[in-house]
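A.B. asks: Sequence:
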Amino acid sequence: MSLFPDKDILAREIESWKGFADSLRAEDRKLFTTMLDNCHIYAAAINAKGEPFPTEALLMALIFQQQRMINWFIEQVKARKKKST
Numbered sequence: 001m002s003l004f005p006d007k008d009i010l011a012r013e014i015e016s017w018k019g020f021a022d023s024l025r026a027e028d029r030k031l032f033t034t035m036l037d038n039c040h041i042y043a044a045a046i047n048a049k050g051e052p053f054p055t056e057a058l059l060m061a062l063i064f065q066q067q068r069m070i071n072w073f074i075e076q077v078k079a080r081k082k083k084s085t
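What the sequence shown shows, in our numbering, is residues 1 to 85, in sequence order.
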C-alpha cells in the first residue's frame, strides 16, 4: 500500500503509456510526457473514477486541460477585438 494511494492509479496509467511515448520523435515525446505529467493536478478526480478503466479518466483530464487552453485563447481573441474597436 502506498503513502499516496490517490496517485497510484495515475502513476500506473502513465507508466502504461511509456511504450507509446518511447516510439515518438524526441520533440513529440517531450510534449507527450509534459501532457501526462500535467495530469497530476487531476489525480484526485482520476482516482475518484478509479478502476477498471483508468485510461478514460486520464483522457478526460487531458481533454479538460486542452479545453481550458482553448477557452483561454478564445478570451484572448475577444480581448484583442475589444481593444481594436
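Among these hints, one or two may not hold up.
For each label pair, taking beta carbons as the anchor points, the in silico distance ranges come out as [to be verified]:
#1 59 with 27: 31 to 41 Å
#2 74 with 29: 25 to 35 Å
#3 16 with 70: 41 to 51 Å
#4 16 with 44: 17 to 27 Å
#5 11 with 78: 35 to 45 Å
Derived from the structure by calculation, the hints contain no laboratory data.
Using N, Cα and C, we set each Cβ at its ideal position, and we do this for glycine too.
A.B. asks: Confirm or reject each hint.
C.D. replies: We went through each hint and held it up to the structure:
1. 59 with 27: 31 to 41 Å: Given a distance of about 22 Å, which is not inside 31 to 41 Å, the answer is violated.
2. 74 with 29: 25 to 35 Å: Holds - the Cβ-Cβ distance for residue 74 and residue 29, about 29 Å, lies within 25 to 35 Å.
3. 16 with 70: 41 to 51 Å: violated, 27 Å
4. 16 with 44: 17 to 27 Å: Taking Cβ atoms as reference, residue 16 and residue 44 lie about 20 Å apart, which means the hint holds.
5. 11 with 78: 35 to 45 Å: Since residue 11 and residue 78 have Cβ atoms about 38 Å apart, the given range 35 to 45 Å holds.
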